[in-house]
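S.K.: The residues making up each chain are set out below.
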Amino acid sequence: SQQGEEDPQALSIQEGENATMNCSYKTSINNLQWYRQNSGRGLVHLILIRSNEREKHSGRLRVTLDTSKKSSSLLITASRAADTASYFCATDAGYGNKLVFGAGTILRVKS
Amino acid sequence: EPEVTQTPSHQVTQMGQEVILRCVPISNHLYFYWYRQILGQKVEFLVSFYNNEISEKSEIFDDQFSVERPDGSNFTLKIRSTKLEDSAMYFCASSEIQGARLGTEAFFGQGTRLTVV
Chain A
1 SQQGEEDPQA LSIQEGENAT MNCSYKTSIN NLQWYRQNSG RGLVHLILIR
51 SNEREKHSGR LRVTLDTSKK SSSLLITASR AADTASYFCA TDAGYGNKLV
101 FGAGTILRVK S
Chain B
1001 EPEVTQTPSH QVTQMGQEVI LRCVPISNHL YFYWYRQILG QKVEFLVSFY
1051 NNEISEKSEI FDDQFSVERP DGSNFTLKIR STKLEDSAMY FCASSEIQGA
1101 RLGTEAFFGQ GTRLTVV
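Protein sequences appear in the order of chains A and B. Oh and the first sequence: position 69 is 69 in this note's numbering, straight run, nothing missing. To convert, count from 1 in the second sequence and add 1000; that's this note's numbering.
One or more of the hints may lead you astray.
[Said to hold, decoys possible] List time: in silico DMTMM-like cross-link candidates among lysine to aspartate or glutamate, alpha-carbon distance up to 25 Å:
(1) K56/A / E1085/B
(2) K26/A / E1044/B
(3) K70/A / E1105/B
[What the hints assert, rightly or not] In silico contact screen, one side only, chain B against chain A (beta carbon under 10 Å); selected entries:
(4) S1055
(5) S1058
(6) G1072
None of these hints come from the bench; they were simulated from the model. Virtual Cβ for every residue (Gly too), placed ideally from N, Cα, C.
Could you build the full structure based on these sequences and the hints that come with them?
M.R.: As structure tokens, then:
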């Protein structure tokens, strides 16, 4: 089974608008993380939310987690052109130490 | 700020050749990982390494793959006989303590783009 499926696959917005990306997963998790990847570059950790948390903020980022629906959302407020990147959710697999990544959302912020 | 460094950034190799991808994890980290991302696809876990041995590996990590920590700083991924389908971006990552399950942040390198021709 696949873990961590994001939607939308691609999102194009104007600078200043908010961007919301969603992630769904299938198995029980201990935590969920969001990563950002600029084109052809490495993955940068953005934020982690644990299974007993419902919402977390970090600067312009807001993450929610609904374990009953096995879903999470990442909200970027007041987007900037520099936010243009791919965003991935990643969950632990419930055991071990590996991250299971979703397919990602490609965000384009137009200036 | 400490970072994970990977070399080379891009490697082109002939099918059937051996390649070694190199990584220098963050110095006080104890857990090391390799992931790969085939173009346009998800980032996939390959292997995790702790205390000089593999702690977990995926189905992708078959006998063609091996990892090593040859000294106190480097962490390498070797592909013995490359196939066309090994073409991908390979990411090294490290974490201070146990990783995903305990919610420890994994720090990723910039990746090595491997192209098998």
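S.K.: Taking the hints in turn, state whether each one holds.
M.R.: Hint check results:
1. K56/A / E1085/B: The given pair, whose Cα atoms are some 39 Å apart, is violated under the 25 Å limit.
2. K26/A / E1044/B: Holds, because 17 Å separates the two Cα atoms, which is no more than 25 Å.
3. K70/A / E1105/B: holds, 21 Å
4. S1055: holds, 7 Å
5. S1058: Hint holds; S1058/B Cβ to chain A Cβ min 7 Å, cut 10 Å.
6. G1072: Violated - the Cβ of G1072/B stays beyond 10 Å from chain A, reaching only about 21 Å at its closest.
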